[in-house]
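Dock chains B, C and D against chain A, hints included.
Protein chains: 4
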Amino acid sequence: MSADPQPPRHIPLPPPRRRLRLGFVGGGKGAFIGQVHAMGARLSNRWEVVAGALSSSPETALRSGRDWLLAQDRIYSDYRTMAETERDRPDGIDAVAIVTPNHLHAPVALAFMRCGIDVICDKPLCNSLQEAAALLAAQRETGLVFGVSYVYASHAMVRQIREMVQDGAVGRIRQIHVEYFQEWALDPASSSEKGGAWRMDPARSGASFTTADIGTHAHHLACFASGLEMQALRADFHVSGAAKPLEDTCFMQTRFEGDVPGTLMVSQAAAGTHCGLRLRIFGDLAGLEWNQETPEHVTLSPAKAPSQRFLRGEDAGIGQAARRVTRMPRGHPEGFADAWATLYTEFAVAVEARRDGRTVPDGLLGLPSLRDGIAGVKFVLAAVESNAAGGTWNDCRR
Amino acid sequence: MSADPQPPRHIPLPPPRRRLRLGFVGGGKGAFIGQVHAMGARLSNRWEVVAGALSSSPETALRSGRDWLLAQDRIYSDYRTMAETERDRPDGIDAVAIVTPNHLHAPVALAFMRCGIDVICDKPLCNSLQEAAALLAAQRETGLVFGVSYVYASHAMVRQIREMVQDGAVGRIRQIHVEYFQEWALDPASSSEKGGAWRMDPARSGASFTTADIGTHAHHLACFASGLEMQALRADFHVSGAAKPLEDTCFMQTRFEGDVPGTLMVSQAAAGTHCGLRLRIFGDLAGLEWNQETPEHVTLSPAKAPSQRFLRGEDAGIGQAARRVTRMPRGHPEGFADAWATLYTEFAVAVEARRDGRTVPDGLLGLPSLRDGIAGVKFVLAAVESNAAGGTWNDCRR
Amino acid sequence: MSADPQPPRHIPLPPPRRRLRLGFVGGGKGAFIGQVHAMGARLSNRWEVVAGALSSSPETALRSGRDWLLAQDRIYSDYRTMAETERDRPDGIDAVAIVTPNHLHAPVALAFMRCGIDVICDKPLCNSLQEAAALLAAQRETGLVFGVSYVYASHAMVRQIREMVQDGAVGRIRQIHVEYFQEWALDPASSSEKGGAWRMDPARSGASFTTADIGTHAHHLACFASGLEMQALRADFHVSGAAKPLEDTCFMQTRFEGDVPGTLMVSQAAAGTHCGLRLRIFGDLAGLEWNQETPEHVTLSPAKAPSQRFLRGEDAGIGQAARRVTRMPRGHPEGFADAWATLYTEFAVAVEARRDGRTVPDGLLGLPSLRDGIAGVKFVLAAVESNAAGGTWNDCRR
Amino acid sequence: MSADPQPPRHIPLPPPRRRLRLGFVGGGKGAFIGQVHAMGARLSNRWEVVAGALSSSPETALRSGRDWLLAQDRIYSDYRTMAETERDRPDGIDAVAIVTPNHLHAPVALAFMRCGIDVICDKPLCNSLQEAAALLAAQRETGLVFGVSYVYASHAMVRQIREMVQDGAVGRIRQIHVEYFQEWALDPASSSEKGGAWRMDPARSGASFTTADIGTHAHHLACFASGLEMQALRADFHVSGAAKPLEDTCFMQTRFEGDVPGTLMVSQAAAGTHCGLRLRIFGDLAGLEWNQETPEHVTLSPAKAPSQRFLRGEDAGIGQAARRVTRMPRGHPEGFADAWATLYTEFAVAVEARRDGRTVPDGLLGLPSLRDGIAGVKFVLAAVESNAAGGTWNDCRR
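Protein chains in written order, with the working numbering: chain A, 1 to 398; chain B, 1 to 398; chain C, 1 to 398; chain D, 1 to 398.
If we strip away everything but chain A, and leave its shape as in the complex, we get (with noise of 0.2 Å):
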């Protein structure tokens, strides 16, 4: 997360050589993530969607394989079978997408590392810090990539602020406020949806929902723009919405480097909310402001002039960084669609580089690595202990 000494500005991303091939673990039936992933990776036009052990239902794998036009050898139930095999086909697959509730997400990805496939994971990467050791070990051993999907870094304007930042636009930074507010778990029936069965599970979840389930997406994003790492928080923990093991809300009060004070607020059951994810950085010589909803515009605002409104796919104010994963004119607005494409775009950039044994130029990609995972984990598992504890600063980086 440390800034980049030299950014290397003016380099466009490699133009693709061929479709590389993915395969995916989870994203059956009634599944939103993904189809999510698929999308990405499709309209990147870097990938084709080959294989998948959609489900560890047999009939629902197949249903969901036929759904996405998989051929009928690749539909699998259980993973390792398809590790194994798709090792061991001479079109196998390039790499896997892993979409399963979290606490498959570690023993998924080692199954596929061990078979040389380079992975990309859903977030927040794992439950404890010894998957999370496990995980990089073997990365250590194996030299594959492994992205995790916080994808709203790889909105363009989100590349756009982490350069503005860099490049001194709001001067030192002073607070740094983060929110990311949703309301679907306010329902009793959330907890019985798809989705909602496992997040809200701790058997599945780990100890957290929504810390884990956005309040990571939160943290990375403010960490990810503003150059900065989180390193402590303390936090409170609610239930805002219907009755729930595990909390829906909470409210912390955080420190980045450099003693940089901020809140981060994440809520799943906030009545009138959808994705809700806001930042805010005030330094000492302006203001930033990015909103997930409307993700084509960066509000600079200045002490001494009038506030700004930077637009995607302009000319005027518009860096590199921004400029090298825009795929639409300015006026034609990029969606969600278009961070997945980023994301599998840069990706696929990540491993046609292992594969020919080139080095990526520090800095030309913005996807999320296993550090940047792991650091999410650490966030979350601070967050848990802190709140137990009634709200105790906790490092957030141990």
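Just so you know, these hints were derived from the structure itself, not from any lab.
One or more of the hints may lead you astray.
Claimed, not checked - Some chain A residues near chain B, calculated using beta-carbon distances under 8 Å:
id: 1; residue: 45
id: 2; residue: 274
id: 3; residue: 333
id: 4; residue: 336
id: 5; residue: 338
Because the structure is a prediction, the values reported are computed rather than measured.
Beta carbons are placed, not taken as given, at the ideal position from N, Cα and C, and that holds for glycine.
Same frame as chain A, but now just chains B, C and D:
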């Protein structure tokens, strides 16, 4: 454009059985719109792009074809050769997307139709009524699918407006206002850029620059959303930006079926605007507003109740027409690529139905038809004549 | 309306020495605009309201006068009596505010001018060129101050626009669009409400309802802000709301000095709108936008830089013209009452100067003059004639 | 702060019978808030400002008094003299407005209360519980009216929120978030400006700068709008702007009656902000949002219906509480001056009722009381202590 007597609201789109094969004419290096068509086709997961005459220059065609990852033997520089070759291949293209300058739309379309290949064509359809008549005749003869890429009508919330209007949400329509403001033709350099050069050249663009280029979008959107045909107009053409042989700005007073008055304003030389396509419909019960740059919501403002914001993806208030084409959950923005994906999804559904000899239920699809394309040509010609005659009221259906 | 060669930017308005005495004609129970004039006068702290013929019905005049806390002997029901009585009192009114239906503006104004009393009159000034000529003659004879309450031009940010335009912020003006949408005349009941009854009655309102009532506001705003005179128009009148003898909706194409084209749209039957007065000016360098319902900021959108939001009360970017009339610090919104307070402040400055025999420096005040009032009358008459003739281009300066 | 069991919804405010006479302590040249109080008093048409000790410097007092058009013999530089002199005049002031630095609020108020003069006092009420107790004792003894200028609660749409919440529009409240961001204390020069010098000086401002200065506004707004008392908080103080002896930034986690959690964030060193006071209430049925910079509407976002925009002045959806204090028709924005006018209107009603020996019906007025002022003092002291103790949860009602 007439209202569907019984729109089949609860019928979802049929799932794909295989990816259809798509070829492109036009779209070579430097062109924008071909790329966007291709993104939509890929994101729809209903098509694979397998062939192209991306340019009439063999060298550009080759380079562009490689960038698109086309097989060497399916890269063409002559569209006639492409039509015939693809017709004769066992794995030949199912359909062609035409993204050339306007004056080539008709000859290219006719060439592919003669080979029995379904067509999707960029707008405006063509430059003369003679060409329009030839296309209509060819379609009648062949029974082929012919789509026109008035893509804005593929946004979920434009579908929502059409359904709300049909359901009486605004009452009886009393005024329709549509505007589309861009700024790129302000700049003298615009006339020598790839997209500008032919658009401002009467030999390729026809008798109008802006009325044809974006006026047709505004016209189609107003008619599609309101369910009313535009019957008459009077036009006032201007050059507001750099000098050029055709208008870059046009203001109209309009009349729709039922003597509903309106206005239509388009300019490609309106400084500080991007793709400012905005529709407002005022009825005797409520007003409606939608803006292409923030396409995810519609504002309904009743005369006797607080105004309401209908958000794509919500359960509340969102009808079947929008649901049928919704790709992302609420709060995760759909953008321009998603509208294109819907256009290509519906085109695929129409092509599959034709091949199967099935009829698509009336109103199931919002895919703009050849008829809609011809209505746009008549609209442009009526405007050109009205302006030339000093602003006479002209029928725009002849 | 001509541009000030050297606007005296750094001269503040002179402070008050005493509160001037103001009388009202019109404004009795149920009337809205009289109350608003009085609020502006009070908030300006330059006036005290001491006399009134608030109604021609003695009983209503009395009740209304008491509500206004007027002294018993200064409550009148006949404006002529009021003019003469006040002229003869040692503490007689310094000025009169005329807030009657339109057809009475001219006779009332003439009565007070004959008594040497300065006048501020609501818009539209009057219903005929004959009346306009009589008022002009009376002013030339008497040298009295005559203000017209085109109040929107008194918003600080409208002053800012005028100054920015003069300073070249938008470059050469290429298009001017103004619209004003209200909804109240949709409702059949509106024609029997106090304000509706006379506005929709040709005998009192003249040959136009909406073009006169709010079209004149839009016309003045466009001219004042741009610094350009409107020279010609063609008009299309409609009844969009409940049946009525005069138009409630008018669409225009317009021409300003220097052959600058534009549009003007007004409706009082546009469902879901409130006081949607919006101005857009497009120049060859930038566009500008202002909206009466959010009057505190102006958006400047340069063709070659991010768009900027100029906020009233800021140091950065705000010129002397806006500062001179700013009442509240930034972030604490000024509203409609503040615009009226500025109108009445400037009226007071003009009245004091006349009494002292001083000349107000050109451009110090933005107070709309009798000339501006007459321009509005000509605008209405040109529109009525254009519409009647089927939309001919008519000169609106004759 | 408890909810009114039966708010008298359909009772309008009584009309004025005469203008009451108001005096000021504080507000001399360079001060902002005194001017604003005076504007509100004038705009209310219930008061005339007739006397003042606008400064303790005789020269400044004199100059300021003349600017305010005060009579020479009612310009004072000593507030005690003013209290006694005015008490003894037959036309003495009915009430005093106290707009001095915080440490003088209590002594000045006590001086006037001892002379039987009703008081309206700026916030925060005072710097210590001792002072608060003395004021309470004095009020109990004298029965005088004592208002505190938490003016944001006088916006019509804040009244609307309170009524909507009472009526169940959001269901059971589950979260309350309030923030107030300004930027002026970023700048080192701020500490030597008139308003900054005393606010950042512990001797005059007390143990807190920002929590006292604008945190009290946020606290009162959250409690007033929700109808819930804040019971506990933990606070994190920072200096985010130029170095200063007191905090300019404070982040809190809060608890309201019924164990409702919330957050409160205030900063006067948040670059690019102006008066960013924003309230969000999430209930189990809907969320509500209001923003001081756009005070004319409230957004209600139900969990199960499209979000709605309630606009001041509309018939639809607007309750009696807002109607009672509405001054302008919809679409013509009320601003900060209007909120002050409402504050002074309600103060006048309270003063007249006391003088007449009448009781004002419970809930008729929203005028903040001495009790509300004392709650603010306790809130500040609890925050100061919590921060000093490293963020302990402190009761803020003691």
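Answer holds if the nearest beta-carbon of chain B is closer than 8 Å to that of residue 274 of chain A; otherwise answer violated.
This hint holds: residue 274 of chain A lies near chain B, its Cβ roughly 3 Å from the closest one there, short of 8 Å.
Restraint satisfaction for residue 333 of chain A [CB to CB of chain B, less than 8 Å]:
Interface hint status for residue 333 of chain A: holds (4 Å vs cutoff 8 Å).
Tell me if residue 338 of chain A is really an interface residue toward chain B, meaning its C-beta lies closer than 8 Å to one of theirs.
holds (6 Å)
Using Cβ atoms only, decide whether residue 45 of chain A comes closer than 8 Å to chain B, and label the hint accordingly.
holds (6 Å)
When the least beta-carbon distance from residue 336 of chain A to chain B is tested against 8 Å, hint result:
At 4 Å from the nearest chain B Cβ, residue 336 of chain A passes the 8 Å test, so the hint holds.
Checked against the numbered hints above, the structure breaks none of them.
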